[in-house]
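Full structure from sequences and hints, please.
Protein sequence lines, in the order shown, are assigned to chains P and Z.
Quick note: the first sequence, position 176, residue 222 per this note's numbering, numbers continuous.
Quick note: the second sequence, position 204, residue 228 per this note's numbering, numbers continuous.
Hints should not be assumed to be uniformly reliable.
Restricting the straight-line Cα-Cα distance to at most 25 Å, the calculated cross-link-like pairs of lysine-lysine (DSS-like) are [to be verified]:
(1) P:K163 x P:K76
(2) P:K173 x P:K156
(3) Z:K270 x Z:K108
(4) P:K186 x Z:K108
(5) P:K154 x P:K76
(6) P:K76 x Z:K108
(7) P:K217 x P:K163
(8) P:K117 x Z:K270
(9) P:K274 x P:K264
Since the hints were derived computationally from the structure, they do not count as laboratory data.
Since this is a predicted model, take the numbers as computed values, not measurements.
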Amino acid sequence: MAAILSVRDLIKRYDDGFEALKGVTLDIEKGEILALLGPNGAGKTTLISTICGITEGTSGSVTVGGHDIVKGYRAARSMIGLVPQEINLEPFERVLNTVRFSRGLFGKPKNEAHIEKILRQLSLWDKKDNRIMELSGGMKRRVLIAKALSHEPEVLFLDEPTAGVDVELRKDMWEIVADLKSHGTTIILTTHYIEEAEAIADRIGVIAKGELLLVEEKQALMTRMGQKQLQIDLVEPVTDLPAALGTYDLEITDEGNSVLYTYDTRRERTGITALLAALAKQGMIMRDLQTRQSSLEDIFVGLVAEDAA
Amino acid sequence: MNWQAIRSIYTFEMARFFRTLTQSFISPVISTSLYFVVFGAAIGSRIQEVDGVSYGAFIVPGLIMLTVMTQAISNASFGIYFPKFMGTIYELLSAPVNFLEIVLGYVGAAATKALFIGVVILITSAFFVDLQIMHPFAMVAFLLLTCVSFSLFGFIIGIWAQNFEQLQLIPLLVVTPLVFLGGSFYSISMLPPIWQTVTLFNPVVYLISGFRWAFFGISDVPIGLSLLAIAAFSGLCLIAVWWIFKSGWRIRK
Ligand SMILES: Nc1ncnc2c1ncn2[C@@H]1O[C@H](COP(=O)(O)OP(=O)(O)O)[C@@H](O)[C@H]1O
Ligand SMILES: [Mg+2]
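This is how it looks when you write it as structure tokens:
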């Protein structure tokens, strides 16, 4: 599949000399959801701002739908919807008006039906005549999303869409994202909530200190990098582990009814066969086995720590 | 050209204006009436006529110019400064529009508002004095050019300003004095010779004089010079806007 968004060696140095992006290269395919994970100050907003035309890159190139964001800025930007991290809205404006404005600004002809659909989908329809300042924080965030969707973008950027919002909105947001994806919209979202990336992304990019550390299929990432745990339920409970098993990373759990074995899936040998054989040799009879994948959170923390070291 | 975008910016800005219509409408009417009371009645009773025109009528063109200039500047500078201040400028920057389209939308709206208020003052004045307009086309042309060029100037101030103080600075320190000393309420010939010379360095004098000529056929400076002055001012503002566009000055980080 062809990349709908292609970033090449993108460097962004701010006026004060600070290099917020240190040569980012990234391809995003049409219709996928990419989550950019990274701690505060990693450069997530800078990356999005540069792609969307809010800041100018220092060097490197970006194309959206094959259009260079500088030379073909009209075509490129027409395809993009942006939900910024900050709630930037004019307090005295009314909801419907500000959403209509966005559509017109992007050069799209009037389409009240489309705007109504979006406002309904975002549960904003009853608030359409309210002034922005009368809305709660979560509602304001919805208005930002409505603005971004008003011009039917093919690529949608969501910069920390669920930072500081209530659980309800977060769930709604995930639904909206899933719905957009089913209609072929490409979505790039930044977050520092790993559960969010885990819940909705197809691929995950990890960014720290202006560098993209990796981009991988969520599943592949979890398998490749993840630690797994094997839980072995025993027929007869144990209190101590035999010395012969000292070389394995084992832990007694469930009041001695099971042992937990932690292993790294990245290693060539997981040691499972040998462990099971050793357990049998010690006369420990197994009743059941189950494995558990570690969460992205563990992976993420490990990765960023590794990078810092 | 993204006409849709220009129209959107224009109508959005105009909506802001119409939302506060009474305010936008009442305040120039009241201040014009006050000017008539203070200048027309109080001073007018001492100065009967200036160059054959009754004093009350004489101050009308200057009064219109004064309001139009200050309104154009404040509307346009506020119009573009506000999105910068609120952060909503992100949307303009990420939209498929170029700087020219942004300028057309904002400056067009600011100029329209200034024009609207100018017309309101003209109508209000007609209740106080007998007005004649000798050169209506020239009058309209001067009014339009002033609305547009001062809106452009206001737009530049709005782009330049980094805070509210700066936004007020130029209008307060430069524009207001020039406009008040620009001969709105008196003829240059009424000043002592030395001040007549000094006054000729004030560009606003040329605009007000030209505008007054369109009404009464009398002027402090030749009408050709007035035209040249407004053309030069418009040209300078256009060049400045073009340069901002080219350099991206104070717009993109
Ligand atoms: N306008 C700016 N001028 C200078 N440095 C900036 C500017 N904006 C952001 N930065 C710096 O760039 C880095 C990345 O910021 P940002 O992209 O906002 O990170 P994130 O969105 O991942 O939290 C931070 O260290 C931040 O301080
Ligand atoms: Mg950010």
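Comparing the hints with the structure gives:
{"no.": "1", "hint": "P:K163 x P:K76", "in the structure": "holds, 24 Å"}
{"no.": "2", "hint": "P:K173 x P:K156", "in the structure": "holds, 20 Å"}
{"no.": "3", "hint": "Z:K270 x Z:K108", "in the structure": "holds, 19 Å"}
{"no.": "4", "hint": "P:K186 x Z:K108", "in the structure": "holds, 19 Å"}
{"no.": "5", "hint": "P:K154 x P:K76", "in the structure": "holds, 22 Å"}
{"no.": "6", "hint": "P:K76 x Z:K108", "in the structure": "violated, 33 Å"}
{"no.": "7", "hint": "P:K217 x P:K163", "in the structure": "holds, 19 Å"}
{"no.": "8", "hint": "P:K117 x Z:K270", "in the structure": "holds, 14 Å"}
{"no.": "9", "hint": "P:K274 x P:K264", "in the structure": "holds, 16 Å"}
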